[in-house]
Amino acid sequence: MYPPLPNPSVQPSAMQYGQEDLVRRSASTVPTPPRQLTPVAKLIDVSKCIGCKACQVACLEWNDMREEVGVNTGVYENPHDLTPASFTLMRFTEWENGETGNLEWLIRKDGCMHCGDPGCLKACPAPGAIVQYSNGIVDFVKENCIGCGYCVKGCPFNIPRISKVDHKAYKCTLCSDRVAVGQGPACAKACPTQAIVFGPKEDMIQHANARIEDLKSRGFQNAGLYDPPGVGGTHVMYVLHHADKPEIYADLPKDPKISPVVELWKGLTKYAGLTAIASFVGIGFLHHIVSGANRVSAEDERNAKRLTENQPGGG
Amino acid sequence: MTNSWTDIKNTDLVIIMGGNAAEAHPCGFKWVTEAKANRGAKLIVVDPRFTRSASVADFYAPIRQGTDIAFILGLINYCIQNDKVHWDYVKAFTNATYLVKDGFSFKDGLFSGYDESKREYDKSSWDYQIGEDGFVMVDDTLSNPRCVWNLLKEHVSVYTPEMVERICGTPKDKYLKVAEMVAETSSPTKTMTSMYALGWTQHSKGSQNIRSMAMLQLILGNIGMRGGGMNALRGHSNIQGLTDIGLMSNLIPGYLTIPTQKEVDFATYMSTRGFKPLRPDQMSYWQNYKKFFVSFQKSMWGDEAQPWNDFAYDWLPKLDVPAYDVLRAFELMHQGKMNGYVCQGFNPLLSFPNRKKCTDALSKLKFLVTMDPLDTETARFWENHGEYNDVDPSQIQTEVIQLPSTCFAEDDGSLVNSGRWLQWHWAGGTPPGEAQRDTWIMAQIWKRLKALYEKEDGPLPDPILKVRWPYADPDDPKADEIAREINGYAIEAVYDPTDPTKVLVEKGKQLASFGQLRDDGTTSCGCWIYTGCFTEDGNNMARRDNSDPDEAGFYSKWAFSWPANRRILYNRASADMNGQPWDPSRKVIAWNGTKWEGYDVPDIAPTAKPDVVGPFIMNPEGTARLFTRTMMKDGPFPAHYEPFESPIANPVAPNVKGNPAARVFEGDMAQFGEAEKFPYAATSYRLTEHFHFWTKHVQPNAVMQPEFFVEISEQLAEEKGIKQGGWVKVMSNRGEVKAKAVVTKRIKPLQCDGKTVHIVGVPLHWGFTGVAKKGLGPNTLTPFVGDANIETPEYKAFLVDIAPLTEPVS
Amino acid sequence: MERPYDVGPDDKVHPGDPVTVDRYTPAARINHWITAASLVLLALSGLALFHPSLFFLTGLFGGGETTRAIHPWIGVVLFFGFLGLFLRFWRANLWRGEDGTWMRRLSDVLRGHEENVPEVGKYNAGQKLYFWTMSVLIIIMIGSGVVLWDQYFAEYTSVGQKRAAVLIHAVGAVVSICVWIVHVYAAIWVRGTIRAMVKGSVTGGWAWRHHRKWLRELVTGKRDDQGSGAKPAE
Amino acid sequence: MNMELSRRTLLKGAGVGLAGTALGAFGFGGIEAAYADAIRAFKLVGTTETRNTCPYCSVACGVIMYSKGDLTKGEKAEITHIEGDVDHPTNRGTLCPKGAALLDFVKSETRLTKPRIRKPGADKFEDISWNDALDRIARLMKDDRDANFEAQNQDGVTVNRWKTTGFLAASASTNETAFLTYKVVRSTGILAFDNQARV
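Residue numbers (the working numbering), protein chains in the order written: chain A, 1070 to 1384; chain B, 110 to 919; chain C, 103 to 336; chain D, 197 to 395.
Just so you know, the hints here were simulated from the structure itself, not pulled from any lab data. Even glycine gets a Cβ: it sits at the ideal position worked out from N, Cα and C. Among the hints, a few may not be true.
Unchecked claim - Simulated crosslink set (DSSO-like; lysine-lysine; CA at most 30 Å straight-line): (1) Lys854(B) with Lys1323(A); (2) Lys303(D) with Lys882(B); (3) Lys883(B) with Lys310(D); (4) Lys239(D) with Lys587(B); (5) Lys310(D) with Lys475(B); (6) Lys556(B) with Lys618(B); (7) Lys310(D) with Lys587(B); (8) Lys262(B) with Lys1285(A); (9) Lys315(D) with Lys465(B); (10) Lys473(B) with Lys310(D); (11) Lys587(B) with Lys269(D); (12) Lys1285(A) with Lys283(B); (13) Lys1233(A) with Lys239(D); (14) Lys718(B) with Lys666(B); (15) Lys1233(A) with Lys882(B); (16) Lys475(B) with Lys315(D); (17) Lys315(D) with Lys446(B); (18) Lys1314(A) with Lys854(B); (19) Lys1233(A) with Lys303(D); (20) Lys283(B) with Lys1314(A); (21) Lys1374(A) with Lys114(C); (22) Lys315(D) with Lys882(B); (23) Lys1285(A) with Lys281(B); (24) Lys559(B) with Lys315(D); (25) Lys320(D) with Lys847(B); (26) Lys151(B) with Lys1285(A); (27) Lys473(B) with Lys320(D).
What the hints assert, rightly or not - Chain B regions said to be covered by chain D (calculated; three or more residues, Cβ under 8 Å): (28) 132-139; (29) 428-437; (30) 590-603; (31) 802-816.
Claimed, not checked - If you want the ones that stay clear, here's a sample from chain B, every Cβ over 10 Å from chain A, calculated: (32) Lys145; (33) Thr206; (34) Tyr364; (35) Asp390; (36) Pro416; (37) Ala560; (38) Ala762; (39) Lys786; (40) Glu827.
Sequences and hints are given; from them, build the entire structure.
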């Protein structure tokens, strides 16, 4: 089995990374980090997942979250979508495989993909509300979040959720606090079948390749790794038995990218907009300098007087 | 389990049938995924539903619930027909060659000796032919028509793939694929492990379901092997322990049995427990029965148990019926013949079949005592909860006392996992409020009973007054004190039988193994199979060395495994007649010329010669039984019987309804429903998000699966106009439940005996206490009948009707 | 008697030296300044969330969160404020014949040669254009704004729609601000205009010079159509 | 009620939040605050570890209970987190959705904290002291045993049995509880004795 990390220590220990390791910071700039951390990744092997939801529970427990007891709507998803408290969610799809005639129960653990090029961070207007560390973790900084919801629009995977209670954005932190003391995410530790493993991204890719080989040997010719380049690769990756059609896994985007609309909004519009405004002000000044003020002459006043006198009782 | 959870990683083929390991035992199932990932092992799932286990299986075959015996006997038939038999193993290690009495026969679904009026068999013909030498007659050539092998061959011949398809609804091509994969493991270098649970036990022929697979595993030579075995996935954390310690009406710790009233004295009792070997030179380990029994009596009554009073034999109650199982207990309650009932944990109101009968029964009690960490429905059976518990408290005269007990986090002690590991755990939290440990509660009850019997007199007070109570604080016995008592100690010095001068154990010292037990009253032992768990070396159940030489999967220094820290039962059978492993890459133990050695503690005398002594030392035969003589009430071979409520008549024995030897109480026979009125085959089960009726009290689990639902196929939904997530009503002849509908592709109608059979799945986790939504469960619907041998209720196969509910539901 | 076409109900000429003319009632002025103020606040809070370099502006509103929270509410105030103005002024802003000519000779206007353009009523074509542009923009802004108002309306639209809305809202905001700059500049450039929104009245000369037809009608109390066409003032 | 905040607020005083916001508002001043909170302090630091096994199914996964306070030192101990034990050979630190939520079993709102009694015909429980409850139970048991104890059957065989009161043992109590229970129950002659094994 993939060698598990040792039990966490209850002794205080120095954080293994922090502010100096930021590579991106929303609506602000960061100095180039002095060092490059080993990129980490969470690998989710959908072919090993039994949909037990241990990851969902472990996530709630570790992050001290409370989700509301819902209702059954005829499906196994509970809660029915990601929420500010549920950073992760098992999504179930009953798929009839046309080629084999077999039913396949595709179960995907949904949650933040920790993109190499995070759309949420790009869209965020609040300095330091979203940060990216050189190990690949994209984290929300609650204190800086203003709850505008731009990250929701920026995210190609529709992950962040805004709390109705404190109006802050929430999503998977990849358990940045656990990673900081050398542990893996709570979900990865809990996963009974090690469908979720965590480690250096390189190792994860190697591990994935071995899994893909095994799947191919079992007749899944299109088994493959999901690490979409459109978002600069992700630090949460999937092993899929049908990597050729990710969309069958509860609409996992085939080639995710930051929406062109968002790119336009956060790109051209931002700069063109300010330029336009500035130039209008400028033109105003110029015109005033050139043609001077438009004043009412004494003549005008006399004309007005004459007009009113010629017409008694007017007005 | 004959093997351990970690051993599953050593297998080549996993067959999950009669269980759903991925959902009910996810962390144990990990070792299946390991075997797949590292050994290229395959996983077969046979189930009426496409379960979470099926979702990661290499091959899934549907089956109609309650037809497993036909399916497996069909596999045995396939192996015999296609010569997929581990011959050396079968001939040497099973009773295949033994000759059976001429009187034994099987006709029209009935074995010889059936008495319809009693629903019982006269089993005298179900036995071996005994020769002049007093041993069983055998035919090593397997040519004698009366040898077990030929009788078996004949018995299973009816279960052709076509017949299996007719009975089980498993398409022939899928069935043959399974047969092919399974038969592969008849090779000495391939093993299959069987993982099953209540999907096999909760039937009127549950024991025979399991026997069928055990027989198949013997024929394939997979018992005793690494990565093989019969692996019962126990449902609860210490069901294994509570059974080992004999908390059952007919048991004494260590699988000794409570006397019946026919056994008028100790001598008579022992006369049927001699266990004389049936073949030459066999160990027949039960020959030591008296040592285990006497040592137990000593631990029970200490000095009061003496040779002159037959070690207080008379102080044990004598049975007048085979057993007072829970079904009988509730039947007696229902008849008003039971006045008091104590529930130490457990939640019968939701756990026992025919909930209405349970409520009526409890209402007739004078008093009910519950001990539980949680607020159970049983403790509140008298409380009105509208449609979820529609009773009138004023009409219920039962006095109920509810005692708050601690949970796992607040007490020390040992639990026995499915692999027979006794693992110690430590308290880490302060109990809430006034909650108390069960040991304290039991001590307090005993103390008060004792006081009353000292003050007032009453019938036979001595067994109570004189119970051995060797605890530092009699009011609050500590776990380690009791653990030492269970392990046993030397009352007097124990001498080596071969050398009477040699002291094996000094007086007062803890025993090291059950080999040191004596039948003369010089040893005391609470549960002989646990001896070794708490020795002079200390508490072996608390051992935490997780080393695993050669990654063989034994972990022999972790905790303690009964018996004798053995990790794989019958491990002698992993080696051939010369004592060499059938599969060198999967060695467990091997004969080095003078003794057995290897990764595991040999399941045989260390010096027992491989070509002489058989591996199944608990049997007088020394071999495993394909033909079980008179051990089972419903036949020495398994045979297919329909569930008592079945959508079709038994295709192989149309006139036999249900299991002919299963006990059915009068009133209950009338309560069975017929397929005309209740056309759909229902089954009950657990979901992975919940544990029984506990986790509806646990907020995150209530979130994961908040509300009671039933699962049906898209076809049935279409037929009935039932919508995804809509409300439905499910009715049986005993009651009805209201639930949400989960319409799924994972359940498909089956074709059985020319009839379309729709399946309705009814999960069991909801009630009226806790934080999850209130709901009813399967026991409102299920019939009050149990397995012929051990009375496990038939929860897995019953008949219902279903209809959409349109009226608004609160 | 029936009011002349583009004369407000409360517009009035006061003979004297100089002549003064009532152009805006106190109510109209309050309405205008509420609208104006909210537009300024919206611009500031909006720009703060529009470009990181302007995020510091959130300080004016007590931080990013409060900025995010009140911006939409100011939008609501603006919407109703402008609605008030719209109801007051829409008739006077209907497009008329001379407005076309006026627009064609805009360069004259910008060079201050108003003698070359037709006499206009209470509003000239430029003002009318501003009025209508703003009306449309405000519809767009409130519309797209509501889509982005997650606190109350998150459920009702898809992420795709929200993305479109955020772009529209941004572009719309830029245009509004630019248009508004023209409006403010015009008021400053044309001296004597601001007084109209402060005191409510203008001098006769101002009216004669910039809105002569309006003045004539006020004085004559009847519609004047000579002003139309290209007839130069005497 | 919206539960999502209920526990989160316990985590961070609102004060910190506000400070963060005020600073964060002006972009740069906030950096320290932002970083300080970006990575949450590891919550197990300073807790006491206790080894246990999951009480649910028979896989018996190893768990570690983290508590404020140490029972072994005679302190009051409040369990604050439960997580899988990586050293355990069977589960290697993993847990299923039930095991992962053990903390909320230990702390369930419906844990019982007091003995209670429901009188015949009553529609509610009332509190009762341990002493009275246990005395009452002993009384009820003795009265029934005395009235219905069967020393001999009709054939004069000594049977020493008590069939009118039953005892149902559980499925998750320890072997030690089980054995003590066995001694007490069998010594009274109770025959209707069973556990969850068959259900």
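Results of checking the hints against the structure:
no., hint, in the structure
1, Lys854(B) with Lys1323(A), "25 Å, holds"
2, Lys303(D) with Lys882(B), "19 Å, holds"
3, Lys883(B) with Lys310(D), "24 Å, holds"
4, Lys239(D) with Lys587(B), "33 Å, violated"
5, Lys310(D) with Lys475(B), "22 Å, holds"
6, Lys556(B) with Lys618(B), "28 Å, holds"
7, Lys310(D) with Lys587(B), "22 Å, holds"
8, Lys262(B) with Lys1285(A), "40 Å, violated"
9, Lys315(D) with Lys465(B), "22 Å, holds"
10, Lys473(B) with Lys310(D), "26 Å, holds"
11, Lys587(B) with Lys269(D), "17 Å, holds"
12, Lys1285(A) with Lys283(B), "22 Å, holds"
13, Lys1233(A) with Lys239(D), "26 Å, holds"
14, Lys718(B) with Lys666(B), "27 Å, holds"
15, Lys1233(A) with Lys882(B), "24 Å, holds"
16, Lys475(B) with Lys315(D), "11 Å, holds"
17, Lys315(D) with Lys446(B), "21 Å, holds"
18, Lys1314(A) with Lys854(B), "20 Å, holds"
19, Lys1233(A) with Lys303(D), "27 Å, holds"
20, Lys283(B) with Lys1314(A), "27 Å, holds"
21, Lys1374(A) with Lys114(C), "14 Å, holds"
22, Lys315(D) with Lys882(B), "28 Å, holds"
23, Lys1285(A) with Lys281(B), "27 Å, holds"
24, Lys559(B) with Lys315(D), "25 Å, holds"
25, Lys320(D) with Lys847(B), "27 Å, holds"
26, Lys151(B) with Lys1285(A), "14 Å, holds"
27, Lys473(B) with Lys320(D), "18 Å, holds"
28, 132-139, "holds (count 6)"
29, 428-437, "holds (count 6)"
30, 590-603, "holds (count 4)"
31, 802-816, "holds (count 8)"
32, Lys145, "8 Å, violated"
33, Thr206, "41 Å, holds"
34, Tyr364, "32 Å, holds"
35, Asp390, "44 Å, holds"
36, Pro416, "53 Å, holds"
37, Ala560, "46 Å, holds"
38, Ala762, "34 Å, holds"
39, Lys786, "27 Å, holds"
40, Glu827, "14 Å, holds"
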